[in-house]
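Novice: Residue-level listing of the chains:
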Amino acid sequence: NAGVMQNPRHLVRRRGQEARLRCSPMKGHSHVYWYRQLPEEGLKFMVYLQKENIIDESGMPKERFSAEFPKEGPSILRIQQVVRGDSAAYFCASSPRLAGVTGELFFGEGSRLTVL
Amino acid sequence: QQQVKQSPQSLIVQKGGISIINCAYENTAFDYFPWYQQFPGKGPALLIAIRPDVSEKKEGRFTISFNKSAKQFSLHIMDSQPGDSATYFCAATEGRGSEKLVFGKGTKLTVNP
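Just so you know, the sequences run in chain order A and B.
227 is the number of the first residue of the first sequence in our numbering; add one for each residue after it.
19 is the number of the first residue of the second sequence in our numbering; add one for each residue after it.
Treat the hints as calculated values from the structure; they're not laboratory data.
Because the structure is a prediction, the values reported are computed rather than measured.
It is possible that some hints are incorrect.
[Unchecked claim] List time: in silico BS3-like cross-link candidates among lysine-lysine, alpha-carbon distance up to 25 Å:
1) Lys270/A - Lys123/B
2) Lys288/A - Lys126/B
3) Lys23/B - Lys126/B
4) Lys76/B - Lys126/B
5) Lys270/A - Lys89/B
6) Lys86/B - Lys33/B
7) Lys288/A - Lys270/A
8) Lys60/B - Lys270/A
9) Lys253/A - Lys60/B
10) Lys126/B - Lys270/A
11) Lys33/B - Lys89/B
12) Lys60/B - Lys89/B
13) Lys33/B - Lys126/B
14) Lys60/B - Lys126/B
15) Lys297/A - Lys277/A
16) Lys33/B - Lys270/A
17) Lys123/B - Lys89/B
18) Lys288/A - Lys277/A
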């Protein structure tokens with residue numbers, strides 16, 4: 227059973243460009259989460275999705291950031307008009323059950339975004 | 019506002035020693051406390067977790083101690099090994115009704131041979 231797959235692993239963008247990060251959850255997992263990790267910081271919750279639904283986006287910046295988890299295909303985290311402060315590691319996680327109950331998330335290896 | 023405070027930021031231990039990482043929280047609605055281990059270039063992985071109705075949980079060389087009244091919990095790694103060198107994150111969740119895990123800032127553990 228393959229783990230959570232994220233791509234690209236590394237992405238370099240210039241200020242003003244768009245970044246698209248993709249995440250395929252583990253087979254059988256219907257709950258998808260995105261977290262952001264800044265240097266020397268812990269992981270910060272961004273958004274929780276189920277198929278075709280955004281359940282909780284309270285951690286998403288109000289502008290430029292969006293996420294989706296379509297019926298078919300991977301979950302996408304999209305950052306428009308990137309700025310240097312968006313440089314971070316973005317981790318996707320999935321769970322077969324509500325993570326709020328089990329506390330267990332299965333993380334991918336992350337996508338490291340660098341904004342020049 | 020840091021909801022889960024973790025210390026120390028870094029820790030160096032000799033092989034065979036005990037590594038201790040501490041976390042404290044304020045939100046009394048937290049009811050599940052997992053610890054994650056992260057190796058460089060990898061994603062975090064669940065190590066061990068505890069609920070507040072239990073004061074201690076042990077899995078192999080890893081033990082969580084939980085003090086509900088003090089709102090503190092800690093991870094002890096007995097007989098620390100160089101392979102334990104990683105960053106450790108404590109976390110907390112409010113359980114049903116919230117899908118967020120709130121993470122501490124992490125402790126970078128180095129175990130010298």
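Novice: None of the hints should be skipped; say for each whether it holds.
Specialist: Hint by hint, here is what the structure shows:
Between Lys270/A and Lys123/B the CA atoms are separated by roughly 10 Å; this keeps the pair inside 25 Å, and the hint holds. Distance hint between Lys288/A and Lys126/B is unfulfilled; the C-alpha atoms sit about 32 Å from each other, more than 25 Å. As the CA atoms of Lys23/B and Lys126/B are separated by approximately 14 Å, the hinted pair is consistent with the 25 Å bound. About 21 Å separates the Cα atoms of Lys76/B and Lys126/B, which keeps this hinted pair within 25 Å; it holds.
Of the supplied pair hints, the one linking Lys270/A and Lys89/B holds, its CA atoms being roughly 21 Å apart against a limit of 25 Å. Among the hinted pairs, Lys86/B with Lys33/B is inconsistent with the structure: their alpha-carbon atoms are about 31 Å apart, more than 25 Å. Distance restraint check for Lys288/A and Lys270/A: the Cα-Cα separation of roughly 15 Å lies within the 25 Å cut-off, and the hinted pair is therefore satisfied. Distance restraint check for Lys60/B and Lys270/A: the Cα-Cα separation of roughly 16 Å lies within the 25 Å cut-off, and the hinted pair is therefore satisfied.
Straight-line distance between C-alpha atoms of Lys253/A and Lys60/B comes to about 20 Å, which keeps the hinted pair within the 25 Å bound. Restraint check for Lys126/B and Lys270/A: the C-alpha separation of about 18 Å stays at or below 25 Å, so the hint holds. Simply put, Lys33/B and Lys89/B have alpha-carbon atoms about 30 Å apart, too far for the 25 Å limit, and the pair is violated. Using a Cα cut-off of 25 Å, the hinted pair Lys60/B and Lys89/B is violated, with the two alpha carbons roughly 30 Å apart.
With a CA separation close to 15 Å, the supplied pair Lys33/B and Lys126/B stays within the 25 Å bound. Straight-line distance between C-alpha atoms of Lys60/B and Lys126/B comes to about 14 Å, which keeps the hinted pair within the 25 Å bound. For the proposed pair Lys297/A and Lys277/A, the alpha carbon gap of about 6 Å is at most 25 Å, so the pair holds. Using a Cα cut-off of 25 Å, the hinted pair Lys33/B and Lys270/A is violated, with the two alpha carbons roughly 32 Å apart.
Of the pairs offered as hints, the one joining Lys123/B and Lys89/B holds, with about 17 Å between alpha carbons and a cut-off of 25 Å not exceeded. As the CA atoms of Lys288/A and Lys277/A are separated by approximately 22 Å, the hinted pair is consistent with the 25 Å bound.
In summary, the structure is inconsistent with hints 2, 6, 11, 12, 16 from the numbered list given earlier, while agreeing with the others.
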